[in-house]
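For the record, the sequence lines run as chains A and B. Going by this note's numbering, the residue at position 41 of the first sequence is 41; the numbering climbs one at a time, nothing skipped. Plus 1000 on top of the position in the second sequence (first one is 1) and you've got this note's numbering.
No lab work stands behind these hints, which were simulated from the structure alone. Keep in mind it's a predicted model, so treat the numbers as computed, not measured. By construction, the Cβ of each residue, glycine as well, lies at the ideal position given by its N, Cα and C atoms. Incorrect hints may appear among the rest.
Said to hold, decoys possible - Covered, in the sense of this in silico footprint (three residues per stretch, anywhere, with C-beta under 8 Å from a C-beta of chain A), are these stretches of chain B:
no.	segment
1	1005 to 1014
2	1017 to 1029
3	1053 to 1067
Claimed, not checked - Straight line, CA to CA, 25 Å or less: simulated SDA-like cross-link-like pairs of lysine to any residue:
no.	chain 1	residue 1	chain 2	residue 2
4	A	K176	A	R83
5	A	K176	B	N1038
6	A	K325	B	I1060
7	A	K325	B	N1020
8	A	K176	B	T1044
9	A	K176	B	V1013
10	A	K85	B	E1048
11	A	K292	A	A229
12	A	K176	B	R1017
13	A	K176	B	G1018
14	A	K230	A	K176
15	A	K85	B	R1046
16	A	K230	A	Q119
17	A	K85	B	N1020
18	A	K325	B	A1032
19	A	K176	B	N1020
20	A	K176	B	V1024
21	A	K299	A	L117
22	A	K325	A	E310
23	A	K176	B	V1050
24	A	K176	B	L1019
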Amino acid sequence: MYGNDFTAPDGPRPAPSAGPGDAPPEPASFLAVLAEGGRVEPRDEMPEAYRRTLVRQIAQHAHSEIIGMQPEGNWISRAPSLRRKGILMAKVQDEAGHGLYLYAAAETLGVDRADLLDQLHDGRQKYSSIFNYPTLTWADMGAIGWLVDGAAIVNQVPLCRCSFGPYARAMVRVCKEESFHQRQGFEILHTLSHGTPAQKAMAQDAVDRYWWPSLMMFGPPDDDSPNSAKSMAWGIKRFSNDELRQRFIDMTVPQAEVLGLTLPDPDLRWNEERGHYDHGPIDFTELFEVIKGNGPCNKERMAHRVRAHEDGAWVRGAAAAYAAKHEQEHVA
Amino acid sequence: MSTPREPLWEVFVRSRRGLNHVHVGSLHAPDAEMALRNARDVYTRRQEGVSLWVVPAAAITASSPEERDAFFDPAADKIYRHPTFYDVPEGVEHL
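Based on the provided sequences and hints, a complete structural model is requested.
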């Protein structure tokens, strides 16, 4: 569903923001690949900081897919029709698949999925801020599909051209499936907003709650985003946080009009001169609080994930024992 | 209880009209049977293929990028391997 790479301003800075003076020179073969817009492949030479940045970003993207199954999984058993339930289950299954593609991409950089999950569980690695918000009504399934997956697509389409080959290829696959997610969310909201007044009010309430957190998914503003410059120079990132946020707003406002719903920003209006929508100020203190673990559902999400991991240990042990036993039969 | 290691498997899919199996990704699974089942769920949810291969990643040996030029060079200096290298007189057909 979504991955990005930013930390709270007073949080620990990720490793690659170390000063340029103490970084070893970047290998010539690596610079040549970047210069010709090629793809860096797992066995190619690459700077250690590039490798570390990618491990962190891809792993956190993978973690986001896994944790992102919880807010929607919350509504599977309460979906209002069998059709909606089937769709929601397919969507959550896709997200598990996205997590898997991304862990596989991260592993080409020489890390191990089990270690990455340990880092998630003990808080050394993060996941997207958006999944720390609760899903209070059925309409939230629509708002998440339309806004959250919509923001994810805007962020992920440029990642399909990321300089690291395995990540770019994983994103091509993810983006195709993400379009299904966004459209089903839009359909949910469209149905609700053209239903009874109570259904329309439910849709509006969901949009009101998810609009600002969705804008925050693009990360801090450009002048407060320490990793961006390096990520752009390395071809990991293609557009700045603010550029992507603006693109998302510009495509979302007309869609809201079709839905017959309003976006909760009184300053939102078309700017003829810029050719973009102007929007009100975003309160990033909320984003940083959520990243630091103080969002509405941080503790619940992590507790659930860790419990599933620990309670499942005996099942993994059984599968390993069974595999070992049959491996011996094979040899014998 | 320590986490048992699940080895990595590379996954190849042959699409409905595809002539050969194409590498689509990888996954962790305790054994080949589970790898196959998971590959079915993960990589063929949208009718992407009709045949699946899973191979333990440890069984694959890759060529080295540092040796790429020397390793693949023979193809470039043996242009006579290509049919377009040869002159054919005007008017000769089906050759």
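- request: List, from low to high, the hint numbers that the structure doesn't satisfy.
  value: 7, 14, 17
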